[in-house]
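Participant: Next come the chains, spelled out residue by residue.
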Amino acid sequence: MTKVQRFVMRMAALLAVLLSVSAFSPTATADSWSLLASNGIRYSLDGLHGKWVLVNFWAPWCPPCLAEMPDLASFQEHHKNMQIIGVAVMYHARHDVTDIAKDKALTYPVVFGNEDIASDFGGISGLPTSLLYTPAGKLVGRHEGPLTPQQLEQALNGSTAAFQD
Amino acid sequence: MQPVRSGRRRPAFRIALTMIAACGALAHAGQAAACAACGCTLSTNWQTQGINTTPGFSVNLAYSYLSQDQQRYGTGKASSALINSLQAAGQEVEAYTKTQTITASLNYTADTWGINVNVPYLVRSHGTYGTTTPLGSTYLDSSDSSIGDISVLGRYTGFSAQRTAGLIAGIKLPTGSTNTIFNDGTPVDPSLQIGTGSTDLILGGYTSGTVSKYGWFVQGTVQHAIVTKSFNGLDYRPGDTYSLNTGLRAAQFGARFSPMLQFNLVHRRPDGGPAATAPDALTGIPATGGTLLYLAPGATWRAGGGTSIYGFVQLPVYQNVNSLQLVPRYTLTVGVNQAFE
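In the order they appear, the protein sequences are chains A and X.
Residue 1 is where the first sequence starts when you use the numbering used here, and the numbers rise one by one after that.
Residue 166 is where the second sequence starts when you use the numbering used here, and the numbers rise one by one after that.
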């Protein structure tokens, strides 16, 4: 076997390993998640059937993420037909997350997130990123950037232009 | 029987290349977030480059394959005539050096600092035609395997809230074996031993960011021997190594599959000390050290549960070695990283 052939064989073996891992690893989708919040309660899409669900990814160092929190907290307080779940990612210590949740008086649960959780939602290209689900558990779409109460109100009234598929 | 080995050696970049591969295995960085609406950096985590920003412990296991079997002189392939004339002038001609390295790494990342402990296990075989003409009339080989030089690297990342930049400081310890011998019982050159015998200081830094939908990183390190070892009563000082790595990938936090492209540049100064390789037999220039540039495509697969698998190949783009040295056609690295929170 020549050196080139050996090189090709090694590359093929590497590719085979990567592909086989991808084939046999569990394929999580944005509609089959389960999130354990810092309050100890586990939230799943099935368990929230009948409510609108907004999963909001944020980071402690992200100014727009922090800026939208009062609006989200207020919206959660006045809309019992919606469940907002905050997923904190890229934090450096858990107390960074809990301190912000306390300072912002969040009225919705917060999850200590990581890259695996972000993978379950298809990855994140920017922060904040929010995913909206109908009461039937169908993914409406995602919104990158801060959400306004008006956009959320419109979404609950059937106008979901702010959320892209 | 005439002696095969004359003391003239061309250690090439076997150590430097091993370092690049190890660094690659380490620098599978953490989290760069591209705060789409605000321009924040999304992923600062380049774990395959040793830049891990995910808090807590992680372990990494990497395998790298390096086969040096190409004779090179300066920037070009060495001709048979040149090799023969060098050998006729008394310079040793090596046949090949094959090194396989398994590196186990433990990483801990705190709020503003982190630490990496890297334990390599090397399997190395080497063959040489020595100095006896005509080429091939004599041949010696060696084979050895043992734990190599353990390194401990610290990082400080408290310059920004996103931890996108950091300083690196560490030490490489002389834990690797320096007792490898040829099949005739003579000792193998210091540069071909599993360990260098030296205690090295490693200093560097890195920074990362995003451009549009792509994340990038740049990392530079300098390695300098601060304490050296004598081989048979003769001092050997490995040359300083300057490394610059840069990479580009899609800036998506939590992507299941992430293709990545890196450039790895390494410049190594010639080894020093009486036990080091003798100079070029024809020109008198050093016969160790040089500059190598590699293009390294690769990919990371996130398998879930904190596990990610990665692999990349380093392809030479530019090779400029001092005198005659053995260089690889490619290097290969595969690894698995497990994060714990």
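For the record, the hints were derived by calculation from the structure and aren't laboratory data.
Certain hints may be false.
[Claimed, not checked] Pair ranges (Cβ atoms, derived):
{"#": "1", "chain 1": "A", "residue 1": "Ser44", "chain 2": "X", "residue 2": "Val482", "range": "37 to 43 Å"}
{"#": "2", "chain 1": "A", "residue 1": "Glu153", "chain 2": "X", "residue 2": "Gly370", "range": "46 to 52 Å"}
{"#": "3", "chain 1": "A", "residue 1": "Ala136", "chain 2": "X", "residue 2": "Ile336", "range": "58 to 64 Å"}
{"#": "4", "chain 1": "A", "residue 1": "Ile41", "chain 2": "X", "residue 2": "Leu226", "range": "46 to 52 Å"}
{"#": "5", "chain 1": "A", "residue 1": "Ser44", "chain 2": "X", "residue 2": "Gly370", "range": "42 to 48 Å"}
{"#": "6", "chain 1": "X", "residue 1": "Tyr286", "chain 2": "A", "residue 2": "Ile41", "range": "41 to 47 Å"}
{"#": "7", "chain 1": "A", "residue 1": "Ser34", "chain 2": "X", "residue 2": "Gln503", "range": "18 to 24 Å"}
{"#": "8", "chain 1": "X", "residue 1": "Ile336", "chain 2": "A", "residue 2": "Gly50", "range": "40 to 46 Å"}
{"#": "9", "chain 1": "A", "residue 1": "Ile41", "chain 2": "X", "residue 2": "Gln265", "range": "47 to 53 Å"}
[To be verified] Facing chain X, from chain A, some residues (calculated, C-beta under 7 Å):
{"#": "10", "residue": "Leu45"}
{"#": "11", "residue": "Asp46"}
{"#": "12", "residue": "Gly47"}
{"#": "13", "residue": "His92"}
{"#": "14", "residue": "Ala93"}
{"#": "15", "residue": "Glu115"}
{"#": "16", "residue": "Ser125"}
Every value quoted in this text rests on a predicted model; they were computed, and no experiment measured them.
No residue lacks a Cβ here, since even glycine has one placed at the ideal position from N, Cα and C.
Participant: So, for every hint listed, does it hold in this structure?
Facilitator: Structure-based check of all given hints:
At roughly 50 Å, the beta carbons of Ser44(A) and Val482(X) sit outside the given window of 37 to 43 Å. Range check, Glu153(A) to Gly370(X): about 48 Å between beta-carbon atoms, so the 46 to 52 Å window is met. A hinted range of 58 to 64 Å holds for the C-beta pair Ala136(A) and Ile336(X), which are about 59 Å apart. Separation of Ile41(A) from Leu226(X) is about 36 Å and departs from the stated range, judged on CB atoms against 46 to 52 Å.
A hinted range of 42 to 48 Å for the beta carbons of Ser44(A) and Gly370(X) is consistent with their spacing of about 43 Å. Roughly 46 Å separates the CB atoms of Tyr286(X) and Ile41(A), a value that falls within the hinted 41 to 47 Å. At roughly 21 Å, the beta-carbon separation of Ser34(A) and Gln503(X) lies within the given 18 to 24 Å, and the hint holds. Roughly 60 Å separates the CB atoms of Ile336(X) and Gly50(A), a value that falls outside the hinted 40 to 46 Å.
Against the hinted window of 47 to 53 Å, the Cβ-Cβ separation of Ile41(A) and Gln265(X) comes to about 49 Å, which satisfies the hint. The beta carbon of Leu45(A) is not positioned within 7 Å of any beta carbon in chain X (closest approach about 18 Å), and the interface hint is therefore violated. A distance limit of 7 Å between C-beta atoms decides the matter here; for Asp46(A) the minimum to chain X is near 20 Å, and the interface restraint is violated. This hint is violated: Gly47(A) has a C-beta 21 Å from the nearest C-beta of chain X, more than the 7 Å allowed.
Because the beta carbon of His92(A) sits about 5 Å from the nearest beta carbon in chain X, less than 7 Å, this interface hint is met. At its closest, the beta carbon of Ala93(A) sits 5 Å from a beta carbon of chain X; the interface hint therefore holds under the 7 Å criterion. Given the 7 Å rule on beta carbons, the hint for Glu115(A) holds: about 5 Å separates it from the nearest Cβ of chain X. Taking 7 Å as the C-beta contact cut-off toward chain X, the hint placing Ser125(A) at the interface holds, the least distance being around 5 Å.
Against the hints set out earlier in the document, violations occur for numbers 1, 4, 8, 10, 11 and 12.
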